[in-house]
Amino acid sequence: MKITKQEVEHVALLARLRLTEEEKELYLGQLDKILSYVEKLSELDTAGIEPTTHSFPISNPYREDVVKPSLPRDNVLQNAPQKEKGCFKVPRIIEDN
Amino acid sequence: MKLYNLCIHELHEKLKKKEVSSIELTEAVLERIERLDETLHAFITVTAEDALSAAKDADARISSGDELTPLTGIPISIKDIFCTKDIPTTCASGILKDFIPPYDSTVVKRLKEAGAVIVGKNNMDEFAMGSSTENSAFNITKNPWSPDKIPGGSSGGSAAAVAAGESFASVGTDTGGSVRQPAALCGVVGMKPTYGRISRYGMIAFASSLDQAGPVTKDVKDAAIILGVIAGHDPLDSTSINKPVPNYLESVQGDIKGLKIGIPKEYFIEGVGKEVADAVKDAALAMEKEGAVVKEVSLPHTEYAVATYYVVATAEASSNLARYDGVKYGYRIDEPNDLMDMYCRTRDEGFGAEVKRRIMLGTYVLSAGYYDAYYKKACEVRTLIRNDFDEVFKVVDLILAPTSPTPAFGIGEKKNDPLQMYLSDIFTIPCNLAGLPGISIPCGFSEEGLPIGMQFIGRSLAEDLILKAGACYQGITDWHLMSPSL
Numbered sequence: 002m003k004i005t006k007q008e009v010e011h012v013a014l015l016a017r018l019r020l021t022e023e024e025k026e027l028y029l030g031q032l033d034k035i036l037s038y039v040e041k042l043s044e045l046d047t048a049g050i051e052p053t054t055h056s057f058p059i060s061n062p063y064r065e066d067v068v069k070p071s072l073p074r075d076n077v078l079q080n081a082p083q084k085e086k087g088c089f090k091v092p093r094i095i096e097d098n
Numbered sequence: 052m053k054l055y056n057l058c059i060h061e062l063h064e065k066l067k068k069k070e071v072s073s074i075e076l077t078e079a080v081l082e083r084i085e086r087l088d089e090t091l092h093a094f095i096t097v098t099a100e101d102a103l104s105a106a107k108d109a110d111a112r113i114s115s116g117d118e119l120t121p122l123t124g125i126p127i128s129i130k131d132i133f134c135t136k137d138i139p140t141t142c143a144s145g146i147l148k149d150f151i152p153p154y155d156s157t158v159v160k161r162l163k164e165a166g167a168v169i170v171g172k173n174n175m176d177e178f179a180m181g182s183s184t185e186n187s188a189f190n191i192t193k194n195p196w197s198p199d200k201i202p203g204g205s206s207g208g209s210a211a212a213v214a215a216g217e218s219f220a221s222v223g224t225d226t227g228g229s230v231r232q233p234a235a236l237c238g239v240v241g242m243k244p245t246y247g248r249i250s251r252y253g254m255i256a257f258a259s260s261l262d263q264a265g266p267v268t269k270d271v272k273d274a275a276i277i278l279g280v281i282a283g284h285d286p287l288d289s290t291s292i293n294k295p296v297p298n299y300l301e302s303v304q305g306d307i308k309g310l311k312i313g314i315p316k317e318y319f320i321e322g323v324g325k326e327v328a329d330a331v332k333d334a335a336l337a338m339e340k341e342g343a344v345v346k347e348v349s350l351p352h353t354e355y356a357v358a359t360y361y362v363v364a365t366a367e368a369s370s371n372l373a374r375y376d377g378v379k380y381g382y383r384i385d386e387p388n389d390l391m392d393m394y395c396r397t398r399d400e401g402f403g404a405e406v407k408r409r410i411m412l413g414t415y416v417l418s419a420g421y422y423d424a425y426y427k428k429a430c431e432v433r434t435l436i437r438n439d440f441d442e443v444f445k446v447v448d449l450i451l452a453p454t455s456p457t458p459a460f461g462i463g464e465k466k467n468d469p470l471q472m473y474l475s476d477i478f479t480i481p482c483n484l485a486g487l488p489g490i491s492i493p494c495g496f497s498e499e500g501l502p503i504g505m506q507f508i509g510r511s512l513a514e515d516l517i518l519k520a521g522a523c524y525q526g527i528t529d530w531h532l533m534s535p536s537l
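Heads up: the protein sequence lines correspond to chains A and B, in order. Remember, this note's numbering sits 1 above the position in the first sequence when you count from 1. Remember, this note's numbering sits 51 above the position in the second sequence when you count from 1.
Just so you know, these hints were derived from the structure itself, not from any lab. We put the beta carbon where it would ideally sit given N, CA and C, even for glycine. Warning: the hint list may mix true and false statements.
Sample of chain A residues with no beta-carbon within 10 angstroms of chain B, all distances over it, derived [as the list claims (entries may be wrong)]:
1) K6
2) E26
3) I35
4) E85
5) K86
6) G87
Distance condition first, Cα-Cα at most 30 angstroms in a straight line; then the derived DSS-like pairs of lysine-lysine [stated by the list, open to error]:
7) A:K25 with B:K325
8) A:K34 with B:K294
9) B:K466 with A:K41
10) B:K445 with B:K308
11) B:K107 with B:K69
12) B:K466 with A:K25
13) A:K69 with B:K294
14) B:K68 with B:K163
15) B:K445 with A:K41
16) A:K25 with B:K465
17) A:K34 with A:K3
18) B:K445 with B:K148
19) A:K90 with B:K379
20) B:K316 with B:K427
21) B:K379 with A:K25
22) B:K466 with A:K6
23) B:K445 with B:K466
24) B:K148 with B:K53
25) B:K325 with A:K41
Please work from the sequences and hints to get the whole structure.
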């Protein structure tokens with residue numbers, strides 16, 4: 002096996018996905034099969050080959066540092082699942098002391 | 052000939068001569084949608100009211116003698132991955148099912164400014180992840196040529212809508228073939244321009260180094276029209292290319308005498324349907340008769356493209372989709388116990404199976420201990436794949452190859468075997484990895500009556516040349532004039 006159930010659980014935690022037991026089993030088998038296929042990349046000797054992360058040579062396009070209009074706050078918040086006093090509302094993250 | 056079967060360039064002439072109004076065109080298309088889409092499911096949202104109002108504006112401009120663009124008053128649709136101001140944009144995902152963007156994507160803004168009439172948002176695979184449009188959180192789009200077949204994906208709704216006359220053109224996105232493959236499987240034209248040719252601003256991200264918008268149309272000339280409107284630099288997308296946009300309508304004219312076309316031998320391997328291989332070879336002969344010089348070439352790393360893609364694309368996707376956290380927009384579970392519970396259950400409930408699978412794979416290949424073996428390795432192989440194209444383009448001007456190894460497969464046929472599904476993109480993926488332009492064009496039918504597509508691939512920014520080759524082919528064939536009987 003290329004991947005273990007513990008790794009599936011670890012990756013799900015990193016990805017912030019709460020998987021059911023059935024999902025864990027399903028992904029374990031499917032990811033194993035996909036990773037075994039991906040293994041074919043190791044047939045190639047890539048010593049000295051520069052990695053490509055972007056296909057077109059563009060880097061650091063700058064613009065003048067001037068203030069431009071942005072979306073009104075109401076528009077920014079219009080899709081918020083919960084909002085309060087012009088802010089996004091989330092479950093409490095700081096404990097009472 | 053029914054109105055809904057006509058091309059944009061034909062409709063433009065009729066609008067100019069006032070033989071038809073934009074309202075009539077829009078009503079014809081809306082009627083098609085009304086009649087067909089209950090079974091076809093090519094649309095997620097239909098914007099009939101807005102469309103009729105835009106059509107009325109277009110008619111007013113036409114009758115007042117204003118200068119018209121080739122898109123003035125033409126009803127088109129948009130893949131539901133492009134943000135449309137005040138109109139739901141779901142990306143076919145449960146996590147965005149109620150999302151209403153406060154702004155237009157650059158593609159939509161440019162289409163509206165050109166006077167196009169937007170009739171609705173096309174169905175797709177969730178977050179553009181899929182090759183069959185079976186991964187939509189809403190409905191499965193059917194192939195207009197055969198209701199038990201998939202339309203291809205991820206822009207399956209776009210291709211089905213155009214093939215069925217539910218819109219005159221659509222704009223899709225192509226990360227690993229998502230415009231070209233459904234176009235091939237539905238018998239229409241689909242183009243993926245050079246990476247960076249069209250702004251990605253407001254286009255919901257899947258894999259940012261590969262994603263590119265592109266037209267889905269009835270013929271090559273229409274693709275040139277749409278591309279001319281949506282291509283060009285955009286300060287809001289730092290990866291958009293700052294080079295002038297040629298007049299693509301001029302590019303599609305002229306002969307192809309002396310044009311050097313390469314046929315890559317690695318695209319005619321086992322697993323490619325005989326009907327597909329024969330159709331593409333016939334097309335090569337037809338191009339030769341028009342004066343092209345056809346020769347065999349080699350892209351030796353083709354067989355590594357799918358493996359490379361599913362590492363690079365999922366890695367980028369896992370990072371891009373981290374934004375769906377239930378905080379700023381989109382779905383959030385009711386009454387979370389705490390923040391972690393909110394993140395994890397929101398994402399588990401909001402995303403579909405394929406999206407979760409890809410997030411898992413992408414997170415894995417980027418995780419400590421595996422980054423070098425998978426992600427870095429894939430990026431190095433991506434260089435080898437690009438180098439293959441560089442070498443071939445030293446001896447030929449463009450490449451001709453099948454778009455998809457087979458015609459449309461059955462609904463449900465590959466649903467439970469993700470790897471088999473991924474392998475159906477084998478001929479479209481290399482183009483994305485190298486950032487090159489490609490266009491899929493109808494080139495025949497299978498015995499079963501399903502469309503077959505071929506693609507031209509060109510050098511970086513050679514959209515003009517692949518459009519010209521495509522237009523020349525369509526001048527001597529009539530595959531693109533066929534439409535399904537619906």
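So, going through the hints one by one against the coordinates:
1. Non-interface call for A:K6 relative to chain B: holds, since the shortest CB-CB distance, roughly 13 angstroms, exceeds 10 angstroms.
2. Once the 10 angstroms rule is applied to beta carbons, A:E26 is consistent with being away from chain B; the minimum gap is 13 angstroms.
3. Distance check for A:I35 against chain B: the nearest CB is about 6 angstroms away, which does not clear 10 angstroms, and the non-interface claim fails.
4. Separation of A:E85 from chain B is adequate, the least Cβ-Cβ distance of about 13 angstroms exceeding the 10 angstroms criterion.
5. For A:K86, the shortest C-beta to C-beta distance to chain B comes to about 16 angstroms, beyond the 10 angstroms cut-off, and the non-interface label holds.
6. With a least CB separation of 14 angstroms from chain B, A:G87 remains clear of the 10 angstroms interface cut-off, as annotated.
7. For the hint pairing A:K25 with B:K325, the CA-to-CA distance comes to about 39 angstroms; that exceeds 30 angstroms, so the pair is violated.
8. With a C-alpha separation of about 43 angstroms, the suggested pair A:K34 and B:K294 falls outside the 30 angstroms cut-off, and the hint is violated.
9. This hinted pair checks out: B:K466 and A:K41 have alpha carbons roughly 24 angstroms apart, not beyond 30 angstroms.
10. Proposed proximity of B:K445 and B:K308 is supported: the alpha carbons are some 18 angstroms apart, at most 30 angstroms.
11. Simply put, B:K107 and B:K69 have alpha-carbon atoms about 14 angstroms apart, close enough for the 30 angstroms limit, and the pair holds.
12. Taking the CA atoms of B:K466 and A:K25, the gap is about 18 angstroms. The hint holds against a cut of 30 angstroms.
13. This hinted pair checks out: A:K69 and B:K294 have alpha carbons roughly 24 angstroms apart, not beyond 30 angstroms.
14. Under the criterion of a C-alpha separation no larger than 30 angstroms, the hint pairing B:K68 with B:K163 is consistent with the structure, at around 22 angstroms.
15. A C-alpha spacing of about 28 angstroms is found between B:K445 and A:K41, which places the hinted pair at or below 30 angstroms, so the restraint holds.
16. Annotation: proposed proximity of A:K25 to B:K465 holds, straight-line Cα distance about 21 angstroms (limit 30 angstroms).
17. In summary, the hint linking A:K34 to A:K3 is supported, as the alpha carbons are separated by about 8 angstroms, within the 30 angstroms threshold.
18. Between B:K445 and B:K148 the CA atoms are separated by roughly 48 angstroms; this puts the pair beyond 30 angstroms, and the hint is violated.
19. A threshold of 30 angstroms between alpha carbons decides the hint, and for A:K90 with B:K379 the separation of about 9 angstroms falls inside it, so the pair holds.
20. Only pairs whose Cα atoms come within 30 angstroms are accepted, and B:K316 paired with B:K427 is accepted, the gap being roughly 28 angstroms.
21. Distance check on the hinted pair: B:K379 and A:K25 sit about 28 angstroms apart at the alpha-carbon level, within 30 angstroms; holds.
22. For the suggested pair B:K466 and A:K6, the alpha carbons sit about 23 angstroms apart, so the restraint of at most 30 angstroms is met.
23. Of the pairs offered as hints, the one joining B:K445 and B:K466 is violated, with about 40 angstroms between alpha carbons and a cut-off of 30 angstroms exceeded.
24. The suggested pairing of B:K148 with B:K53 is violated, with an alpha-carbon distance near 35 angstroms, which exceeds 30 angstroms.
25. Annotation: proposed proximity of B:K325 to A:K41 holds, straight-line Cα distance about 27 angstroms (limit 30 angstroms).
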